[in-house]
Amino acid sequence: MAFASSLDQIGPLAKTVEDCALILKHIAGHDEMDSTSANAEIPNYTAALGRGIAGMRIGVPKQYLENGIQPEIKKAVLDAVKVYEDLGAACEECSLPLVEYALYAYYLISSAEASSNLARYDGVKYGFRADNFGDLRDMYLKTRSQGFGEEVKRRIMLGTFALSSGYYDAYYKRSRLVSGLISDEFSARFSKYDALLTPTTPTTAFRFGEKADPISMYMGDVCTVAVNIAGLPAISIPAGFDGAGKPIGIQLIADRFEEEKLLRLAYSYEKVAGFENARPELSDVKGGLQWTTRQS
Amino acid sequence: MDYETIIGLEIHAELSTESKIFCSCSTEFGADVNTHTCPVCTGMPGVLPVLNKKAVEYAIMAGLAMNCNITRYGKQDRKNYFYPDLPKGYQISQYDLPICYGGYMEIEADGQQKKIGITRIHIEEDAGKLIHDDFLGVSLVDYNRAGVPLIEIVTEPDVRSAGEAKAFLEKVKSILEYTGVSDCKMQEGSLRCDINLSVRPMGQKELGTRTEIKNINSFSAAVRAIEFERSRQIGLISAGKEVALATLRWDDENGIGYEMRSKEEAHDYRYFPEPDLAPVVIDDGWIEKIKNSLPELPDARKERYVSDFGLPEYDAAFITASRKLADYFEKAVELGAPPKIASNWIMGDISRLLKDRGLEDIPFAPEYLVKTTDLIEKGVVSTTAAKRIVAELFDGEKDPEQIAKEAGLIQVSDESELALLVKQVIDENPKAVAEVRAGKEKAMGFLIGQAMRVSKGSANPRIISRLVRKMLGL
Ligand SMILES: [Zn+2]
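Protein chains in written order, with numbering that gives the first Met the number 0: chain E, 0 to 295; chain S, 0 to 473.
The shape of chain S in the complex, shown without the other chains (with noise of 0.2 angstroms):
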């Protein structure tokens, strides 16, 4: 029997605000352990919350990158639960009256264009981290975290598969970083996503009963853990078991989702209205404000680099899913690369080293890039030599024509240098001579070769081959 899959996901994002959602204590990542807290994000008695402005503003701006309606009238909610990570016994959060709710977003996958619905985006505080001390046998607890401003983004149950999903989560990813609301630090887990998960026969009109996958921290494991749970399930179906309402931890090390909660020890997390803080009001002009800052979208800005650049869909699609590559494109154009030969070197040597060096940044500027093309365009150096340079970038801003000097890249073009050069391979050789006047190409392309040995590498393979021609008269 064949089955379908249908899946909601939840992701939440940390917001890219300076300060926390209700205190002033910095929100930057890696600080030691409790030095960015106060009073109010570790819960102390007697403090009340004040909400950042620019959180909302950023709940905002994501809502309208994914075609959500805006709600004028948003409160917060109390979400109440026992954790040693969460100061206060509760979460605060957004129960019914969300910040956008109602919006959808385009992905492609499977080769097929598809609208995925929205449901809602809400923001809500962070918890703090728990540290198991092994040795010790004690935890502890850093509140560095706590009170770190999050959206939650929840879809509509539209994804069908686990392309569609990876589909979605790079759209979200890409779309949060164009608009600058989260830096999508996946290590850093500024990204995460829980999945809700159910399978039913083809055709069966009544869902499934669904499981609630949690702790995916990387879009690779969302794949793995809905082909996990996907097969699990129908499994059961099919051994004529029930699957069970359940909660379920990945653990993607073992590739196995280990179940935390059943049904019997749900949370009953009595939200109520959080009476500390006023209702969100947003007015028409505030969020007209935000529209307009809304910079250009990917979608945009992929059919701009087809149209105006004229990059096959392909590359304009990669380059543009990453705003920062994206950026680092343009900027490169801009100063003259030609974007064809840009593209090519974002898509390949820059995308594998950033990969094999675990970056997110390009640790050198566009001019650098644009200085290395420049060099091949001339002939200074081979293309071979340019991968050299662009490794050797990657180990710090240098002049790519010093790299290439130090490196002895630089390709000999000094026609009189190089004739000595020729002279010498001919003489050396005489029955590849004699093949080349029979006709041979193949024994040209040796001649070609023994002159760049001689010269380690460094002479213009171009004129060479010229020149060959020129002193055997062909």
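Looking at chain E on its own, in the form it has when it is part of the complex (with noise of 0.2 angstroms):
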């Protein structure tokens, strides 16, 4: 079911990076019921992942380490520099001033499309019909008031402000400004740089209910969605657990259509680091379940 249709990607979930291109392979390329999967040739994944990374460059965005982000994520970030660097990469810190809007715009471009793709949800068709209705604007109201979660609402109603006449202009088109002015940004430094190493999240887990207030839960969004933003490929690798074993995430971001080059540069980094087997133990500690870490 689409969400924000610009921004919507599917893309493999796999346990190691072998796996994930094995997957790409197959559901890469051309889909001719959808018009927006790029007709490109697709490359043989698997076959490129062993074949070294010696001479990459690897630009490493200043913004991505700077507030808000947990020290023992920054740490893991800077060990798998030293990793590349061991492995014959070249590395070096970069800027991506722009980067920052990309919550935003991303925020405004998702609910805009979200309140659209969720108006099929109306009770005419299918699904959830609200009971005792009056004329069919109640029968609207009624549906969609009791159908939809407080987070969907907000969503929908931030997404029909964004779009309103009036408001357009100050808040979807700008955003769709933003994002290409973001896209361009990213495209200089693929100039220079094979791929982008950042942060997966600015923090490691938070407990569920932590979070009360919708804006600090957006900001957990903070390193990924400029990709989307910019209609990049990325992917997320483990490097290792904070204090408290929760596991940290790095990722690596290369310009459209360069997946093979993110999949060998992980494929690299993961046989070195070998996170991709460790399990953290469940114990029990005082106020509940704590992490801990188990190399098996």
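No lab work stands behind these hints, which were simulated from the structure alone. On a predicted model such as this, the values are computed, not experimentally measured, just so you know. Treat the hints loosely; a few may be bogus.
Unchecked claim - In the SDA-like style, the derived pairs of lysine to any residue whose C-alpha atoms are separated by at most 20 angstroms in a straight line are:
hint, chain 1, residue 1, chain 2, residue 2
1, S, K78, E, E84
2, S, K170, S, R159
3, E, K124, S, S138
4, S, K172, S, G188
5, E, K124, S, F81
6, E, K124, S, A126
7, E, K245, E, E209
8, E, K124, S, T382
9, S, K74, E, K74
10, S, K262, E, S164
11, S, K404, S, K430
12, S, K74, E, R175
13, S, K114, S, L63
14, E, K172, S, L96
15, E, K172, S, Y94
16, S, K74, S, P272
17, S, K78, E, Y166
18, S, K213, S, L63
19, S, K386, S, E416
20, E, K245, E, L77
21, S, K262, S, I286
22, S, K128, S, P272
23, S, K184, S, K386
24, S, K74, S, I286
25, E, K141, S, F81
26, S, K74, E, L176
27, S, K74, E, L77
28, E, K74, E, V221
29, S, K455, S, L353
30, E, K124, S, D31
31, E, K74, E, A187
32, E, K260, E, V59
33, E, K172, S, K213
34, S, K53, E, E84
35, E, K141, S, Y82
Could you fit the two chains together into a complex? Lean on the hints.
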């Protein structure tokens, strides 16, 4: 079911980089039922995995390591830089000054598109329909008020507002412009680097229900949304655990249609770091469950 | 005070594609309810639209025939509103980058040539149809029409009268039929129009407040709606009142426009680019190919009929207004019918019978018309008898001579047989004979009429007339 059509993208979720490459080989390519899918040649991702990364250039955008990043995550990224340098890649710090606007653009665009995509859940044809309604308008109101949860309603309202006449230019259109600028900024970096290395999340997992305010929830996406906004491929790979034993992920971002580079970089790191088989262990501690690390 | 009427038109035409605009369902009219539907055109969760290339091609074709610029980069947009006939809760249309823009068409109205500007032509999908069941007290939806491709043609506010509006609509219909872009069947709703109208005192520069009239289902309804709304607005202004910005729904049966929505209730459609579809990229080669495939358009055909066939302007305009009639006419001429005779039949009896029977197509092939006119030419049947033959051809194709024989319409041209008949009439009418001899032409007519009566209308009147004169030694 569609949420934000221009940003929605399917991708494999796998235990190892190789599994990921195997699945991608089969799901990539043009789908005649989806005119937004590119009609590009599909590389042999698995064949490329072992080819090594000597001579590849990796940029580390400093904005991703600044305020709000959990220190253990920042350390994991810097450790990965060392791994890549040992493998013969050239790493250096770089800058993406516009990337901080990606989150705002992302939430405006995704809410706008979601408000339209969710319009079909109106009680007319399928799904939930409220009991006891008067006229058509009342059926719409009751069905949608009762059927959607709080967060969904919040986004529908936000998106509807962003698309309304008088606000469209200031919100939706501006978000689109910002997306274009962010995309251009990434493109410029890819003329110099094969990939960019960043954290996947600013913090490790928080407890269920711990964050009540929606803005801080949205902040959890700060490292990954720019990729959607700019229309780029990215991969997240396991990179160890924090002090509480909760998993840390690092993210590699490449230029359009450069998934092969991402998989090679991820595979090389995985072979050295070996986190793909690391499993945290559940143990009873005061105040609830806590993760501990177990190397298997 | 004299008032000037300012009219802009929005015309929706269903395209003649085989399948819908975003899925492969059939566009056939009149199928059982909800049989031409699939997950895409019923807006099921998780489906994606894929644009029908032919719909874009038809839009380009219409644009070229209406002197428009064709965009090289178009996009589709969502028009968001809730209504049960709209399964996705939005219509995929085009907002700011339509396929065609900046065109015009020449019309002839009130004896004058005039250019009407065309702002844009865009593609969009049709909605379903609500069926209100008063007996059960429910409304049901038929989604067969949902996703049928449409073009919307929007004019500049260049139209100044009901006559001009009618002439423009007729021209649009004829061009869409010629190019095969739409079959323009009004009764099936494949051509519909909305009218934007305002009035202002003659000479005033600023425009008056306009109203939009929807639900116009025929050209004559457009004329009536324009006249109604023009007088209503003039009435308000003359009485010192203001015209309110509103959308009216035209009730043709009662000749009244009802207010559907006022300005306060106006929709905010929240247009935004359709993220499920890629942009429409059109290259010069494609446009060129479509341009070369355009058929001869009505104006060019009309000129050719005047210059090559010697048809009067009026006949040529009448016949070329409809591609079907023009194709029929041309085939008949090709088969040997004299052009003026063919055009007389098509403009006269055939058009009248089509109208009487509510038909769009002449139900018999041009060969049958040509055979009928041949029979007149050869003196086998009279023109009156031929009218009966044509009427019978509307009931089914049948050899005209066979029809004539079975109905006893064959003229007797055998002189020896007719001589006997004439002799009988002369013998029975000595008084008239005497008058003819005295030079009274009227009596001559009486004698011929008598002979025709005796022959029960089957005699060839020219031969009868010659025989009477001969026998009386005139
Ligand atoms: Zn369908």
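The hints, checked one at a time:
1. The hinted pair formed by S:K78 and E:E84 fails the criterion: a straight-line CA distance of about 52 angstroms is larger than 20 angstroms.
2. Between S:K170 and S:R159 the alpha-carbon distance is near 16 angstroms, which keeps this suggested pair within the 20 angstroms criterion.
3. For the hint linking E:K124 to S:S138, the alpha-carbon distance of about 12 angstroms falls within 20 angstroms, and the restraint holds.
4. About 13 angstroms separates the Cα atoms of S:K172 and S:G188, which keeps this hinted pair within 20 angstroms; it holds.
5. Using a Cα cut-off of 20 angstroms, the hinted pair E:K124 and S:F81 holds, with the two alpha carbons roughly 13 angstroms apart.
6. With a CA separation close to 14 angstroms, the supplied pair E:K124 and S:A126 stays within the 20 angstroms bound.
7. Proximity of E:K245 to E:E209 is assessed by CA-CA distance (about 16 angstroms); at most 20 angstroms being required, the pair is judged to hold.
8. With a CA separation close to 61 angstroms, the supplied pair E:K124 and S:T382 exceeds the 20 angstroms bound.
9. Proximity of S:K74 to E:K74 is assessed by CA-CA distance (about 46 angstroms); at most 20 angstroms being required, the pair is judged violated.
10. Using a Cα cut-off of 20 angstroms, the hinted pair S:K262 and E:S164 holds, with the two alpha carbons roughly 14 angstroms apart.
11. Pair hint S:K404 plus S:K430 does not hold up; C-alpha atoms about 35 angstroms apart against a cutoff of 20 angstroms.
12. About 15 angstroms separates the Cα atoms of S:K74 and E:R175, which keeps this hinted pair within 20 angstroms; it holds.
13. Our distance criterion of 20 angstroms between C-alpha atoms is met by S:K114 and S:L63, whose separation comes to about 16 angstroms.
14. A distance of roughly 15 angstroms separates the Cα atoms of E:K172 and S:L96; the hinted pair therefore holds under the 20 angstroms criterion.
15. For the proposed pair E:K172 and S:Y94, the alpha carbon gap of about 14 angstroms is at most 20 angstroms, so the pair holds.
16. Between S:K74 and S:P272 the CA atoms are separated by roughly 7 angstroms; this keeps the pair inside 20 angstroms, and the hint holds.
17. For a cut-off of 20 angstroms, the pair hint linking S:K78 to E:Y166 stands: about 16 angstroms separates their Cα positions.
18. The hinted pair formed by S:K213 and S:L63 fails the criterion: a straight-line CA distance of about 27 angstroms is larger than 20 angstroms.
19. Between S:K386 and S:E416 the alpha-carbon distance is near 26 angstroms, which puts this suggested pair outside the 20 angstroms criterion.
20. Restraint check: the Cα-Cα separation between E:K245 and E:L77 comes to about 18 angstroms, which is no more than 20 angstroms; the hinted pair holds.
21. With a C-alpha separation of about 40 angstroms, the suggested pair S:K262 and S:I286 falls outside the 20 angstroms cut-off, and the hint is violated.
22. For the suggested pair S:K128 and S:P272, the alpha carbons sit about 26 angstroms apart, so the restraint of at most 20 angstroms is broken.
23. A C-alpha spacing of about 28 angstroms is found between S:K184 and S:K386, which places the hinted pair above 20 angstroms, so the restraint is violated.
24. Annotation: proposed proximity of S:K74 to S:I286 holds, straight-line Cα distance about 17 angstroms (limit 20 angstroms).
25. With a CA separation close to 14 angstroms, the supplied pair E:K141 and S:F81 stays within the 20 angstroms bound.
26. Distance hint between S:K74 and E:L176 is fulfilled; the C-alpha atoms sit about 17 angstroms from each other, no more than 20 angstroms.
27. Note on S:K74 and E:L77: the hinted pairing is violated, with a Cα-Cα distance of about 44 angstroms set against a maximum of 20 angstroms.
28. Only pairs whose Cα atoms come within 20 angstroms are accepted, and E:K74 paired with E:V221 is accepted, the gap being roughly 18 angstroms.
29. Proximity of S:K455 to S:L353 is assessed by CA-CA distance (about 30 angstroms); at most 20 angstroms being required, the pair is judged violated.
30. Our distance criterion of 20 angstroms between C-alpha atoms is met by E:K124 and S:D31, whose separation comes to about 18 angstroms.
31. Distance check on the hinted pair: E:K74 and E:A187 sit about 27 angstroms apart at the alpha-carbon level, beyond 20 angstroms; violated.
32. For the proposed pair E:K260 and E:V59, the alpha carbon gap of about 16 angstroms is at most 20 angstroms, so the pair holds.
33. Between E:K172 and S:K213, the direct Cα distance comes to roughly 31 angstroms. Violation of the 20 angstroms bound is thereby established for this hinted pair.
34. Proposed proximity of S:K53 and E:E84 is contradicted: the alpha carbons are some 55 angstroms apart, above 20 angstroms.
35. A threshold of 20 angstroms between alpha carbons decides the hint, and for E:K141 with S:Y82 the separation of about 15 angstroms falls inside it, so the pair holds.
Violation of the numbered hints given earlier is confined to hints 1, 8, 9, 11, 18, 19, 21, 22, 23, 27, 29, 31, 33 and 34; the remaining hints are satisfied by the structure.
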